[in-house]
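Heads up: the sequence lines are chains A and B, in that order.
All residue numbers for the first sequence refer to our numbering, where the first residue is 1 and numbers rise by one.
All residue numbers for the second sequence refer to our numbering, where the first residue is 1 and numbers rise by one.
Careful: at least some of the hints might be erroneous.
As the list claims (entries may be wrong) - Derived CB-CB ranges, DEER-like:
#1 B/K50 <-> A/I18: 34 to 40 Å
#2 A/G64 <-> B/K38: 25 to 31 Å
#3 B/T9 <-> A/A86: 23 to 29 Å
#4 B/I47 <-> A/V81: 24 to 30 Å
#5 A/A86 <-> B/K38: 15 to 21 Å
#6 B/K50 <-> A/V56: 50 to 56 Å
#7 B/T9 <-> A/I13: 16 to 22 Å
#8 A/I101 <-> B/T9: 20 to 26 Å
#9 A/G64 <-> B/K50: 41 to 47 Å
#10 B/E51 <-> A/I13: 41 to 47 Å
Hints were generated in silico from the structure; no laboratory data involved.
Built from N, CA and C at the ideal position, the CB exists for glycine as well.
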Amino acid sequence: MIIAIIGIVLGIIVGYFIPITSSGVYSIYFSVAILAAIDTLFGGIRANLEERFDSVIFISGFFGNSFIAFALAYLGDQLGVPLYYAAVFAFGTRLFNNFSIIRRHVLKRI
Amino acid sequence: MKKRESQITVFILLLILGILLITQYKLVQSGNKYVSFKDIEIITRKIESKEIENNILREKINDLVKQIDEYEVSLYETGDIESVLKIELEKYKKASGIDALYGPGVVIIVSDGDRQLLDNENPNNLLVHDLDIQALVDDLLEAGAEAIAINGQRIIPHLTEIICNGPTIRVNEELYSQPFIIEAIGNRKHLEAAVNAPNKYGFVLKQWGLFLEVNTSIYLELSGYDTKIEYEYLKPKEN
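Bound-form chain A, shown alone (with noise of 0.2 Å):
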């Protein structure tokens, strides 16, 4: 858990000091791209409370859904349809399920 937190917060200041900017056109895939890996680090946390984490699973799915969501927001944009709202509501609904079984397990530990 603190190696988590150390983690991202060296990923902001870091991503904070390298000059690193995307252009304004990418910023809807890498919206749906942060949700996504949001998405599996919730899942990550409930794996572990439920002590059956696995890493390879933990990356392949940070890496997969990231880039699904990115696929699927690209994709929308060629057809014309917002298909990245599938992406979002999908990602959105799991990390609130997610989020309300670590809050139990949290909970009943306490």
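Guided by the hints, dock chain B onto chain A, whose structure is given.
Relative to the frame of chain A, chain B by itself:
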């Protein structure tokens, strides 16, 4: 060992997530907005058309600058700009059609057809109408005719009327009966083709059975437009 490994992966992935987050945050804060490919295309097209417009305007500016230069050179050399204005006047006279001109071109003779009418056929099919003449004139203009006259009356597209008047046609307030002789100055080959080529109006008229003949000529003389030019409603705009 397993635990340590997973801790490292979690650390690295969260590092990436943090970088992604802050990149996106910076992007949103910078005021850049999401623009779809469609919008980009539309805006690109808009820019392109504006650029073309700009080029046209730039050309106009160049022309005007050149004109001013001409005036200035003339003023410097001879002390007045009369000579330049005279040359300009000649140019506009030519364009307006007031002056008599000559040049190579074609002569078209049109008159009513003389074939037998079919059963129940409308006799209008064999008559020359004002619209036919107008269409022939349009075809000639399209083919690059520089000056056109009907039965000696000079055609100025925005002044000349070609109106049906019973068996006659009124051109520049004068009545003419057939045959109608259309003279046009321009590239002889092009003008001839503009009448004779398949699907051109002259060709169609001939197929209906009207009499239509096209001759090319290396020397045609057209008189100037001599009807009074008067505008009742037009007023020059003052800047």
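Legend entry - Assessment of proposed distance window 23 to 29 Å (beta carbons of B/T9, A/A86): 28 Å, holds
Inset, instruction - Could you say whether the range 24 to 30 Å given as a hint is met by the Cβ separation of B/I47 and A/V81? - result: 27 Å, holds
Inset, instruction - Starting from the hint 15 to 21 Å, judge whether the C-beta atoms of A/A86 and B/K38 obey it. - result: Given range 15 to 21 Å: holds, Cβ gap about 19 Å.
Inset, instruction - Could you say whether the range 50 to 56 Å given as a hint is met by the Cβ separation of B/K50 and A/V56? - result: 55 Å, holds
Legend entry - Satisfaction of the hinted span 41 to 47 Å by the C-beta atoms belonging to B/E51 and A/I13: Cβ of B/E51 to Cβ of A/I13: about 45 Å, so the range 41 to 47 Å holds.
Inset, instruction - Starting from the hint 16 to 22 Å, judge whether the C-beta atoms of B/T9 and A/I13 obey it. - result: Cβ of B/T9 to Cβ of A/I13: about 20 Å, so the range 16 to 22 Å holds.
Inset, instruction - Check the following: the C-beta atoms of A/I101 and B/T9 are separated by a distance inside 20 to 26 Å. - result: Given about 22 Å between the Cβ atoms, the range holds.
Legend entry - CB-CB spacing for A/I18 and B/K50 relative to the 34 to 40 Å hint: 38 Å, holds
Inset, instruction - Mind checking the hinted window 41 to 47 Å against the Cβ distance between A/G64 and B/K50? - result: 45 Å, holds
Legend entry - Status of the given 25 to 31 Å range, CB of B/K38 versus CB of A/G64: With a Cβ separation near 29 Å, A/G64 and B/K38 satisfy 25 to 31 Å, so the hint holds.
In summary, the structure agrees with every hint in the numbered list given earlier.
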